[in-house]
Amino acid sequence: MNKSLRSKIAIAASLVLSAGLVATGLPSAQAAGLQPTAAQLSAWKGKTISYYFYNDSQAELDTTKSQIAAFEKLTGATVKLDVIPFTNYDPTLQARLAAGNAPDVARLNNPGLYINDSLDLEKYLGRKYKTEFLKGSTLQVTHPTTKKLIGVPYDLTVNGPFINVEMFKEAGVAVPTSWNWTELIAAGKKVQKATGSEYAFAIDKTGHRVSTVMSHFGAYMVDKNKRNVLRSSKFRAEKAVKMITDLYVADLAPRDLWIGTGTKYSSPTAIFLGQQTPIFFSGNWQVASLAKDAKFEFAAVPNPKELNGGGWPGGKFLTAFNTSKTPDLAAYFVYYLADTAQMEEMDKNAFWLPVRVDLVEKGVKYATRSSDMAVFQADAGKTPAAAYGIQSVPTLTALIYNNLRDLMTDVMGGKITVKEAIAKQIVFIDEKLATLKK
Amino acid sequence: MPYLFVAPNMFIFLTFIIWPAIRGFQISFYDSIDGRTFTPVGAGNYRAIFGDPTVAEVAKNTAIYVIFYVIISTVLSIAFALIVNEQQFAKGFFRAILFLPVMLSPVVVGLIWNDVLDRKVGPLNSLLEALGGGSPGWLIEPKLGMIAVIFVGVWVHLGFYSIILLAGLQGIDRSLLEAAAMDGATRPQIIRTIILPLLKPTTLVILILATIHGFQSFDFIYTLTGGGPFGATTLIVQYIYDRAFQTPIQYGLGSAAGVVLFMIIFAFTALNFLLGKKRQAI
Numbered sequence: 001m002n003k004s005l006r007s008k009i010a011i012a013a014s015l016v017l018s019a020g021l022v023a024t025g026l027p028s029a030q031a032a033g034l035q036p037t038a039a040q041l042s043a044w045k046g047k048t049i050s051y052y053f054y055n056d057s058q059a060e061l062d063t064t065k066s067q068i069a070a071f072e073k074l075t076g077a078t079v080k081l082d083v084i085p086f087t088n089y090d091p092t093l094q095a096r097l098a099a100g101n102a103p104d105v106a107r108l109n110n111p112g113l114y115i116n117d118s119l120d121l122e123k124y125l126g127r128k129y130k131t132e133f134l135k136g137s138t139l140q141v142t143h144p145t146t147k148k149l150i151g152v153p154y155d156l157t158v159n160g161p162f163i164n165v166e167m168f169k170e171a172g173v174a175v176p177t178s179w180n181w182t183e184l185i186a187a188g189k190k191v192q193k194a195t196g197s198e199y200a201f202a203i204d205k206t207g208h209r210v211s212t213v214m215s216h217f218g219a220y221m222v223d224k225n226k227r228n229v230l231r232s233s234k235f236r237a238e239k240a241v242k243m244i245t246d247l248y249v250a251d252l253a254p255r256d257l258w259i260g261t262g263t264k265y266s267s268p269t270a271i272f273l274g275q276q277t278p279i280f281f282s283g284n285w286q287v288a289s290l291a292k293d294a295k296f297e298f299a300a301v302p303n304p305k306e307l308n309g310g311g312w313p314g315g316k317f318l319t320a321f322n323t324s325k326t327p328d329l330a331a332y333f334v335y336y337l338a339d340t341a342q343m344e345e346m347d348k349n350a351f352w353l354p355v356r357v358d359l360v361e362k363g364v365k366y367a368t369r370s371s372d373m374a375v376f377q378a379d380a381g382k383t384p385a386a387a388y389g390i391q392s393v394p395t396l397t398a399l400i401y402n403n404l405r406d407l408m409t410d411v412m413g414g415k416i417t418v419k420e421a422i423a424k425q426i427v428f429i430d431e432k433l434a435t436l437k438k
Numbered sequence: 001m002p003y004l005f006v007a008p009n010m011f012i013f014l015t016f017i018i019w020p021a022i023r024g025f026q027i028s029f030y031d032s033i034d035g036r037t038f039t040p041v042g043a044g045n046y047r048a049i050f051g052d053p054t055v056a057e058v059a060k061n062t063a064i065y066v067i068f069y070v071i072i073s074t075v076l077s078i079a080f081a082l083i084v085n086e087q088q089f090a091k092g093f094f095r096a097i098l099f100l101p102v103m104l105s106p107v108v109v110g111l112i113w114n115d116v117l118d119r120k121v122g123p124l125n126s127l128l129e130a131l132g133g134g135s136p137g138w139l140i141e142p143k144l145g146m147i148a149v150i151f152v153g154v155w156v157h158l159g160f161y162s163i164i165l166l167a168g169l170q171g172i173d174r175s176l177l178e179a180a181a182m183d184g185a186t187r188p189q190i191i192r193t194i195i196l197p198l199l200k201p202t203t204l205v206i207l208i209l210a211t212i213h214g215f216q217s218f219d220f221i222y223t224l225t226g227g228g229p230f231g232a233t234t235l236i237v238q239y240i241y242d243r244a245f246q247t248p249i250q251y252g253l254g255s256a257a258g259v260v261l262f263m264i265i266f267a268f269t270a271l272n273f274l275l276g277k278k279r280q281a282i
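For the protein sequence lines, the chains are A and B, in the order given.
Just so we're aligned, residue 1 is where the first sequence starts under the working numbering, counting upward by one.
Just so we're aligned, residue 1 is where the second sequence starts under the working numbering, counting upward by one.
One should not assume that every hint holds.
What the hints assert, rightly or not - Pairs of lysine-lysine residues, derived as BS3-like cross-links and limited to a Cα-Cα distance of at most 30 Å, are as follows:
| id | chain 1 | residue 1 | chain 2 | residue 2 |
| --- | --- | --- | --- | --- |
| 1 | B | K120 | A | K169 |
| 2 | B | K143 | A | K419 |
| 3 | A | K264 | B | K120 |
No lab work stands behind these hints: they were computed from the structure.
My request is simple: use the sequences and hints to build the entire structure.
Laid out in C-alpha cells, this is it:
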C-alpha cells in the first residue's frame with residue numbers, strides 16, 4: 001500500500017470515528033478515554049455551566065478552583081462555582097430546583113433527594129463507567145427504578161474519633177491503638193478531670209454519626225433488602241443511644257451544641273479546636289481543616305469495638321442535573337473531576353479516601369497525616385457489611401438520620417426515655433418504608 | 001404622568017410581593033414535594049395544619065413571643081426616645097449606638113448572641129458566675145431560650161422604633177411643653193398628660209410594626225437557637241420554613257401555613273388600626 005493510500009484510509013477512518021462520536025454525544029469511557037472531540041470543543045466554547053459546591057476544608061475549595069481553571073482551559077467553557085454553606089445546602093438546592101434555577105452540576109452528600117432531577121450519566125459516559133468506582137459507593141447514585149448511574153462517587157467517608165494527643169499526654173492517658181466504648185468514655189473522663197476541659201467527649205449532631213455507635217453495638221436501621229431491622233436489634237440500639245445521651249445529660253458532652261441548635265446540624269469542631277474536649281467523634285473529612293487550624297497535636301484513632309468495630313460509610317457525590325442546557329458538557333465536567341488524575345490530586349490535598357477502583361488498588365500517598373488516613377482506611381475495611389444496608393433506601397436516609405437525631409434531643413431533655421425513642425424510630429422507619437411501596 | 005413615576009416601584013411590588021403571594025395562596029390548595037408537580041388536595045393542607053399537634057405549640061410560642069416583644073419594645077423605645085430627645089451631650093454618637101443593631105445582619109446577630117449566651121464560656125455567664133449568679137442554660141432551657149430570643153429581638157429593633165418615636169417627639173409643638181412647665185407641671189406630669197397622648201399616632205405605628213415584626217421573626221432566632229431548645233423558640237415562620245424547605249419538602253403545607261400567618265397579621269394590624277382610629281375619634 002502506498003503512502004498516499006494509507007493516509008487516505010487513516011483520514012477516512014478518523015472521520016468515521018469522529019462522526020460516530022459526535023452522533024452519540026460523548027463516547028463511552030472505554031472508547032476513547034473521553035478526550036473531547038473537536039466538534040464538542042467547538043460547541044462548548046463560550047458556554048457556561050454552574051457548579052453547586054460546598055467544602056469541608058479550604059484545601060477542597062482551592063483544589064476545586066485549580067481543577068476548574070484547567071477544565072476551562074481544556075474545553076473553552078466557563079464554570080461558575082457557587083459555594084454554599086453546608087447548613088443550608090440541601091434546602092437551598094431544593095428551592096433552586098423548584099424555582100427552575102437548577103445548577104448544571106452539584107457536589108452532593110444526599111444524592112437520594114435528587115434522584116428524579118439527576119442526569120442519566122450512562123447516556124454520556126457509557127454503561128461500564130460505573131465499574132471504575134467502588135460498588136458500595138455507586139449504590140447511592142444508582143436510580144432505584146431504572147438502575148442507571150445518576151451520579152458519581154466523589155469520596156468515601158469513614159466516621160471515627162479524633163483525640164487531642166497533648167491533653168491525653170498531660171493526663172497520662174496512653175493514645176489508644178484499640179479500645180471499646182467503656183474505655184473511650186473512661187479515658188475522656190480521666191483527661192477531662194486532669195486537664196480541666198469543659199467536656200470529656202463530643203460528637204457531630206447527626207444520626208449518621210450515631211449510627212456508627214449503633215453499628216458497634218450491632219444495631220442497624222435498614223438492611224440491604226429495604227427492611228426495618230431496628231426492631232430486631234432494638235436492645236442494642238437502646239444501649240448505644242443511652243450511652244451517648246447519658247454523656248450529654250451528665251454534661252460530659254456539649255449539651256448546648258446539641259440541644260441549643262434546634263433541628264439544625266451542628267458540629268463540635270470549634271469545641272475540639274478550642275481544646276474544650278479531648279475526644280471528638282466525626283470523620284476523615286475533618287483531617288484537612290484540623291491539620292490547618294489545630295494549634296495542638298491531634299490524631300485519628302480507631303473506632304471503639306464492641307460487637308463490631310469499623311466506621312460507617314458515607315461520602316460525597318457528583319451529579320449533573322437533567323435540566324442542564326448543555327448536558328454533555330455537564331457530564332464531561334463530572335467525568336473530568338472524577339478522573340484518576342483529578343481525584344488523586346483531590347484525595348491527596350484534601351485527605352479524602354479514594355472511591356476509584358484504580359486509586360484504591362494503587363493507594364493514595366498523602367504528604368502529611370498519612371497515619372491518620374491509615375486509621376480511617378483500616379476502619380473502612382472493618383466496617384460491617386450491614387452498615388451499607390441503609391444505602392438501599394437513598395431517598396429515606398436523610399429522614400431516618402434526622403428523626404433519630406431529634407428523638408435523641410428529646411431523650412436529652414427528659415421528654416422521652418431511650419426505650420420510647422427507639423420504639424418511635426421503629427414506627428417512623430416502618431412508615432417511611434411503606435411510602436416506597438406506594 | 002404620576003403613574004409613570006410609580007410604575008417601576010409598582011412593577012417590583014407586583015412581581016416580588018403580590019404575584020408570589022397569589023401563587024402561595026394558590027399552592028396552598030395543592031400538594032407538592034418538588035415545586036414542579038402539583039396535586040390538588042382542596043383544603044387538605046389547612047386541615048393538616050390545624051390537626052398537627054406541633055402547631056398548637058408553635059402558636060403558643062408565637063403568642064408569648066409577640067406579646068412580650070411588642071410590650072417591651074414599645075415601652076423601651078418610648079423611654080429611649082424620651083432620653084435621647086432630652087440628651088445634649090454626644091447625642092449623635094448615642095443615637096448611632098442605639099441604631100447600630102438595626103444595621104447588623106440577622107445572621108450576625110444570632111452568632112454574636114450565641115457566643116454571648118454560651119453556658120460555659122460565654123461572657124454573660126462568666127459575669128453572672130463572678131457575681132454568684134450561676135451559669136443559666138440560656139440556650140438549653142426552654143423558658144430561658146424564649147427569654148433570650150425576646151431580649152435579642154427587642155435589642156435588634158429597639159433603635160428603629162426609638163428613631164421613629166424620636167421623630168414623633170420632635171414633631172410636638174414645644175410651646176405646649178413650655179406652657180405646661182410655666183404652669184408648674186412636673187416632668188412626669190408633662191410626659192403623662194401631654195407627650196404620651198400626642199405621641200399616640202406614632203405609638204400606634206410602632207405597635208403595628210412591632211406586631212408585624214414579632215410575627216415575622218425568624219432569621220436571627222434560627223441562627224441563635226434553631227427553634228430549640230425542644231422547639232421552645234420555634235415560631236410560626238420557622239414552622240413555615242421547615243415545612244416548605246426542610247426534607248421532606250411540603251410546599252403546599254408551607255404555603256397554607258403562610259396564608260394562615262398572613263390572616264393573623266392582617267387581623268392584628270386591622271384591629272390595631274381600628275382601635276387607634278377609635279381612640280383618636282374619642
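The hints, checked one at a time:
About 24 Å separates the Cα atoms of K120(B) and K169(A), which keeps this hinted pair within 30 Å; it holds. Pair hint K143(B) plus K419(A) holds up; C-alpha atoms about 27 Å apart against a cutoff of 30 Å. In summary, the hint linking K264(A) to K120(B) is supported, as the alpha carbons are separated by about 21 Å, within the 30 Å threshold.
When held up to the earlier numbered hints, the structure conflicts with none and fits them all.
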